[in-house]
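*Asks:* With my numbering, letter number 197 in the sequence shown gets 478, and the count goes up by one each step, no holes.
Just so you know, nobody snuck in bad clues.
25 Å max Cα-Cα, derived SDA-like pairs, lysine to any residue: (1) Lys-684 with Gln-701; (2) Lys-417 with Ser-612; (3) Lys-595 with Thr-633.
Across the chosen pairs, the derived CB separations fall in these ranges: (4) Glu-431 with Glu-352: 41 to 49 Å; (5) Asp-499 with Leu-413: 24 to 32 Å; (6) Leu-413 with Phe-353: 35 to 43 Å; (7) Asp-552 with Leu-413: 16 to 24 Å; (8) Glu-744 with Asn-309: 35 to 43 Å; (9) Thr-357 with Thr-284: 19 to 27 Å.
Calculated directly from the structure, the hints in this document are not laboratory data. Heads up, the beta-carbon is just placed ideally off N, CA and C, and yes, glycines get one too.
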Amino acid sequence: MGTRGYRVYRHRGRYHVTYNHYDSYPSNYGVNVLSQVPPPPHFEEWAAEMRKYLDVFFEKSEQGTLPESDEFALPTRPAKDPLIEWVYEIDLDRLVFHINSSPMFRLDHLPPGDDFEDYITHDDYGNIATSLDTPKEYRYDWKAPPPLAEQSLIDAYHSVSHGAVAVPIHELLATEQTLSLVESTWSCFLEAVIGNFMAACSVSIQEFEAFAGRTELDDFHRALCLTAVNSAFLAPFTPESSTQMPPFDLPEGDFWWAQADACILVTTHLDDERNMQAAVAELQQEAMGKAGTPEVVYGVAASLQHVVVMRVDKAGRGAVQHTPALQFFPSFFTVSPSTPGITALARLGRYTQPHIHIPSEPMGHPSRYIPEDIMREIATHLTDARDLRNFAMLSVQAFAATKPYLQYPHFGEYFLRSPQPHRYSLVRAKFDTFAKGRPAVIELQGFSSVPSRLRLNCFKPLEYEIPVALNPRY
Numbered sequence: 282m283g284t285r286g287y288r289v290y291r292h293r294g295r296y297h298v299t300y301n302h303y304d305s306y307p308s309n310y311g312v313n314v315l316s317q318v319p320p321p322p323h324f325e326e327w328a329a330e331m332r333k334y335l336d337v338f339f340e341k342s343e344q345g346t347l348p349e350s351d352e353f354a355l356p357t358r359p360a361k362d363p364l365i366e367w368v369y370e371i372d373l374d375r376l377v378f379h380i381n382s383s384p385m386f387r388l389d390h391l392p393p394g395d396d397f398e399d400y401i402t403h404d405d406y407g408n409i410a411t412s413l414d415t416p417k418e419y420r421y422d423w424k425a426p427p428p429l430a431e432q433s434l435i436d437a438y439h440s441v442s443h444g445a446v447a448v449p450i451h452e453l454l455a456t457e458q459t460l461s462l463v464e465s466t467w468s469c470f471l472e473a474v475i476g477n478f479m480a481a482c483s484v485s486i487q488e489f490e491a492f493a494g495r496t497e498l499d500d501f502h503r504a505l506c507l508t509a510v511n512s513a514f515l516a517p518f519t520p521e522s523s524t525q526m527p528p529f530d531l532p533e534g535d536f537w538w539a540q541a542d543a544c545i546l547v548t549t550h551l552d553d554e555r556n557m558q559a560a561v562a563e564l565q566q567e568a569m570g571k572a573g574t575p576e577v578v579y580g581v582a583a584s585l586q587h588v589v590v591m592r593v594d595k596a597g598r599g600a601v602q603h604t605p606a607l608q609f610f611p612s613f614f615t616v617s618p619s620t621p622g623i624t625a626l627a628r629l630g631r632y633t634q635p636h637i638h639i640p641s642e643p644m645g646h647p648s649r650y651i652p653e654d655i656m657r658e659i660a661t662h663l664t665d666a667r668d669l670r671n672f673a674m675l676s677v678q679a680f681a682a683t684k685p686y687l688q689y690p691h692f693g694e695y696f697l698r699s700p701q702p703h704r705y706s707l708v709r710a711k712f713d714t715f716a717k718g719r720p721a722v723i724e725l726q727g728f729s730s731v732p733s734r735l736r737l738n739c740f741k742p743l744e745y746e747i748p749v750a751l752n753p754r755y
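The whole structure should be built from the sequences, with the hints applied where relevant.
*Replies:* Laid out in structure tokens, this is it:
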């Protein structure tokens, strides 16, 4: 009886909220809110009248002349919380009916009230969603059509691609088709990171495809995409108490150089051929114009839905190879956390050059006289990732000896040596590691009597932490 809820109207990015005191379940208040939206042919007239009413309401709200009531205005979307269990939003900007912030149905073609509750379910990440058997005519569809790509960029693409077709990631990197242990570890790691985003940021992920183009992306969506892609290039977690890796500022321009030879462009509509070609051309031009980079530079054009990986041969007059547009974030209804885009980024991150300056040791430095096999033997016994990194900084020889281990994901003192099989969750993953010199298992989103939290190195304004459990390996 005491289940509280909101009815919300969105108009011009502002929110008109009505508080409902009780019985806010879909079968009761949800159907009531649904019934307030007329079907065609009366929908357009009703929507126009509602917009006029809301313009007046928001004007009175700004003037402070609204009477006290259960109706009020908010500048941001109201969300479900412990006190408000159900939020039904009539979105007049995008013509979508939302439940608890999640887009659900077409506002101009809503399902009948008798079927409303049957079409509400939860996806495989725990988010409220439309059921798979919901007829297409009722499902929301806010995907924006692709923007017009500049012809000059299309011409530039053809001049540097030389008519070549898209290639698989292993061909682009000139490596084996089968993943190495390091690549498998990173793939599993990225799957868990992105799975956590799928559970925590579902609305933002779905909203990404509603943007008409790159210039419409807000800071949060850019930060989410950059954080996800950038996670493939460096171990993106630090201990909760660490201040060594503060959140990154968003780049002022369109490009982010994640490594000395890896550049990221966040964009939209990569599943459209011309927009994909334009993005490749822009990345190629950025790579060619960047001083101090190696002769081979890699680029990543990314949205949350797709990713394209490319290789620019600066010594070969900027010739380009690239993958097709690969699925990046998984479907919300899936049995596997893996996607071709996640795998491609996991592989790419192992073939790029990090921003690490190894000091040259002076003549007579002891490390000059340590045989390489001894250096490698020392590296194999360093089970604390901090010791491994410190040893790597001693000399070029020490760095070469530790490089195979530095390629694994590092969490503070731990580095993940291999993923454990038998995944049982889309958001959890277990890895073999060492704790104080002893074999252990570290689990993302794990449960422990002494849990810790590891902070993702995000781009502002995004902030995110993942619970971690560390347990002895018996």
